[in-house]
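**Student:** Produce the complete structure using the sequences and hints provided.
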Amino acid sequence: MAEAAQPAIRTRGLNLWYGDFQALFDVDLDIARGRVTSLIGPSGCGKSTLLRSVNRIVERLDYVRTSGSIEVMGHDVLAEGVALTRLRQEVGMVFQRPNPLPISIRKNVLFAHRLHHPGRRTRTGDDEVVERALREVLLWDQVKDRLSDLATGLSLEEQQKLYIARLLPVKPSVLLMDEPCSALDPEATSAVEELIWELRGDYSILIVTHNMAQARRASDECVFMLMGKVVEHSVTGDMFVTPEHTETADYIEGRYG
Amino acid sequence: MARKEGGSAGGDHLGREWWWDKIAQAVLFGGGISAIVFVIAIFVFVAQQGLGFALFDLDLATFFTSPQWRPTSEPEPIFGALALIVGTASITGLAMLVSVPFSIGAAIFIGEFASGRTREILKVLVELLAAIPSVVWGFIGLMVMSPLLMDVFDVPVGVSVLNAGLILGLMAAPIMTTIAEDALKAVPDGFREAAEAMGATRWQVIRQVVLPSAKNGLVAAVLLGVGRGFGETMAVLMASGHSINMPSSPLDPVRALTATIAAELGETARGSEHYRALFSIGILLFAVTFVINLLADVFVRGRRASR
Numbered sequence: 001m002a003e004a005a006q007p008a009i010r011t012r013g014l015n016l017w018y019g020d021f022q023a024l025f026d027v028d029l030d031i032a033r034g035r036v037t038s039l040i041g042p043s044g045c046g047k048s049t050l051l052r053s054v055n056r057i058v059e060r061l062d063y064v065r066t067s068g069s070i071e072v073m074g075h076d077v078l079a080e081g082v083a084l085t086r087l088r089q090e091v092g093m094v095f096q097r098p099n100p101l102p103i104s105i106r107k108n109v110l111f112a113h114r115l116h117h118p119g120r121r122t123r124t125g126d127d128e129v130v131e132r133a134l135r136e137v138l139l140w141d142q143v144k145d146r147l148s149d150l151a152t153g154l155s156l157e158e159q160q161k162l163y164i165a166r167l168l169p170v171k172p173s174v175l176l177m178d179e180p181c182s183a184l185d186p187e188a189t190s191a192v193e194e195l196i197w198e199l200r201g202d203y204s205i206l207i208v209t210h211n212m213a214q215a216r217r218a219s220d221e222c223v224f225m226l227m228g229k230v231v232e233h234s235v236t237g238d239m240f241v242t243p244e245h246t247e248t249a250d251y252i253e254g255r256y257g
Numbered sequence: 001m002a003r004k005e006g007g008s009a010g011g012d013h014l015g016r017e018w019w020w021d022k023i024a025q026a027v028l029f030g031g032g033i034s035a036i037v038f039v040i041a042i043f044v045f046v047a048q049q050g051l052g053f054a055l056f057d058l059d060l061a062t063f064f065t066s067p068q069w070r071p072t073s074e075p076e077p078i079f080g081a082l083a084l085i086v087g088t089a090s091i092t093g094l095a096m097l098v099s100v101p102f103s104i105g106a107a108i109f110i111g112e113f114a115s116g117r118t119r120e121i122l123k124v125l126v127e128l129l130a131a132i133p134s135v136v137w138g139f140i141g142l143m144v145m146s147p148l149l150m151d152v153f154d155v156p157v158g159v160s161v162l163n164a165g166l167i168l169g170l171m172a173a174p175i176m177t178t179i180a181e182d183a184l185k186a187v188p189d190g191f192r193e194a195a196e197a198m199g200a201t202r203w204q205v206i207r208q209v210v211l212p213s214a215k216n217g218l219v220a221a222v223l224l225g226v227g228r229g230f231g232e233t234m235a236v237l238m239a240s241g242h243s244i245n246m247p248s249s250p251l252d253p254v255r256a257l258t259a260t261i262a263a264e265l266g267e268t269a270r271g272s273e274h275y276r277a278l279f280s281i282g283i284l285l286f287a288v289t290f291v292i293n294l295l296a297d298v299f300v301r302g303r304r305a306s307r
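Line order of the protein sequences matches chains W and X.
Under our numbering, the first residue of the first sequence is numbered 1, with each subsequent residue one higher.
Under our numbering, the first residue of the second sequence is numbered 1, with each subsequent residue one higher.
Misleading hints may appear alongside valid ones.
As the list claims (entries may be wrong) - As a list, the in silico DSSO-like pairs of lysine-lysine whose alpha-carbon atoms are at most 27 angstroms apart:
(1) K22(X) <-> K123(X)
(2) K107(W) <-> K185(X)
(3) K107(W) <-> K215(X)
(4) K107(W) <-> K144(W)
(5) K215(X) <-> K123(X)
What the hints assert, rightly or not - If you want the footprint, here are the derived chain X segments under chain W, 3+ residues with CB under 8 angstroms:
(6) 182-192
(7) 195-203
(8) 206-220
Everything labelled a hint here was simulated from the structure, so no lab data went into it.
Beta carbons are placed, not taken as given, at the ideal position from N, Cα and C, and that holds for glycine.
**Tutor:** Here's what the structure looks like:
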């Protein structure tokens with residue numbers, strides 16, 4: 001299949017400025033389809049910026065400028081006339097803090113679905129969507145009897161899973177995750193990691209993480225960034241065993257960062 | 001009394017800092033408590049002047065159902081406040097029709113769309129608008145709005161429910177805008193970001209996420225605006241026509257409760273029936289604004305509790 005060779009995300013010569021401050025320098029990156037890729041590096045190295053530029057949510061700050069190109073599943077997302085709503089349907093994003101809207105669990109799951117499928121809906125149709133999404137994130141059994149409860153009453157782990165669940169009904173192909181486990185305790189972290197591993201294959205997943213161990217155990221590939229540049233991109237096992245660059249080795253061994 | 005211990009722990013003499021601390025505490029305590037003292041004092045005064053009359057001498061049935069306000073009629077004065085109540089209610093109602101959409105819209109624009117300088121300038125202007133004295137608003141009602149309404153609707157009198165409602169609406173808008181904007185600002189930005197990342201447009205974010213989350217604060221803003229309209233006196237006195245009348249259209253002149261007190265109190269003999277009847281109106285106003293403010297407070301608290 002020719003398609004399989006095409007990466008989920010491809011950036012070429014990507015530069016990004018916050019006002020006068022340049023946060024990304026000539027980033028050339030191919031993120032593989034159907035795999036989990038970790039973005040690692042010290043604070044301020046630009047990994048979150050890179051993640052947030054893929055769905056262009058970085059542009060919420062109106063002093064952001066970009067040059068270069070970003071393609072998602074072969075489509076140039078920086079091109080003029082790209083519908084942001086369509087792009088964000090294709091590229092789902094999970095934030096650091098689980099941030100469910102203060103509405104019911106059911107409505108949370110349906111939120112994006114309703115945005116992208118306006119018009120007449122049937123209750124059973126909605127029920128199916130909710131159940132499928134919650135089953136996919138392994139949350140259905142815990143919450144099926146309290147779908148009309150406020151989502152803010154769930155535990156952090158459940159909130160984060162719910163957060164992922166509400167992306168799924170609009171059928172994204174890429175999931176961006178910005179330190180999805182940093183607000184969670186170790187047990188919840190491993191549950192969410194398990195879920196991420198489960199979703200791999202159906203979705204191409206790019207995760208920003210500060211947690212070396214997490215990158216090591218829960219990703220196929222790793223990208224190491226430093227000062228806005230990509231230093232190294234390799235299969236996770238290789239990066240942690242035989243890093244090519246001394247900066248990478250120093251970072252993953254905890255000599256700085 | 002942790003401070004006391006801290007003060008004496010340094011030695012057995014009390015230093016200047018200790019005295020300053022005590023003085024500052026006393027001054028701040030006095031400032032803080034004074035609001036409560038004043039409110040109670042005003043309430044006691046108004047009640048003392050009018051409550052006995054309102055409960056025992058005043059015919060409450062007439063007060064609430066008769067449109068005849070004839071406090072100086074001989075031999076038997078009639079104290080019917082219905083026309084005044086209807087006057088105040090119709091002016092306030094119309095004012096809210098004008099100012100609620102305006103101020104919620106302005107708050108959304110300032111809070112969600114405007115940025116940087118535009119936003120700062122708008123906020124300052126809105127606050128400036130709130131600082132315009134009410135007599136100036138009344139003057140505008142009398143001198144600008146009134147001829148305009150006479151022209152547009154081809155009526156002989158331009159001071160009316162419509163005039164006072166428009167003026168009062170403009171007056172209430174700034175405070176409602178400010179409070180509504182605070183309510184919008186209290187919505188965590190993460191909600192907006194998450195909704196945008198799911199592909200919601202700006203308008204969808206506002207309508208489906210921001211407004212529902214800020215609902216209690218917005219209701220409180222509207223209620224405080226209503227309270228403001230209810231209590232407003234001078235502008236209403238000047239723009240409403242100040243004639244006792246059950247209005248049948250927005251173009252009829254009316255008289256408000258507050259304006260009645262302001263216009264008549266100076267001409268009454270202290271302690272007379274008329275004087276005390278005016279204080280009964282004061283009690284009514286006090287009760288209504290108290291309830292409105294209480295409701296607003298309950299809504300604001302509701303918003304905090306649901307976080």
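**Student:** Compare the structure with each hint and give your call.
**Tutor:** Each hint tested on the structure:
Taking the CA atoms of K22(X) and K123(X), the gap is near 38 angstroms; set against the 27 angstroms cutoff, the hint is violated. In summary, the hint linking K107(W) to K185(X) is supported, as the alpha carbons are separated by about 23 angstroms, within the 27 angstroms threshold. Straight-line distance between C-alpha atoms of K107(W) and K215(X) comes to about 17 angstroms, which keeps the hinted pair within the 27 angstroms bound. Proximity of K107(W) to K144(W) is assessed by CA-CA distance (about 13 angstroms); at most 27 angstroms being required, the pair is judged to hold.
Distance restraint check for K215(X) and K123(X): the Cα-Cα separation of roughly 21 angstroms lies within the 27 angstroms cut-off, and the hinted pair is therefore satisfied. With 3 residues carrying a beta carbon less than 8 angstroms from a beta carbon of chain W, the segment 182-192 of chain X meets the three-residue requirement, and the given coverage holds. Under the rule that three or more residues need a Cβ within less than 8 angstroms of chain W, the assignment of the segment 195-203 of chain X holds, with 7 such residues. Only residues whose C-beta sits within less than 8 angstroms of a C-beta in chain W count toward coverage, and the segment 206-220 of chain X has 4 of them, enough to reach three; the restraint holds.
In the structure shown, a violation is registered for the earlier hint numbered 1 alone.
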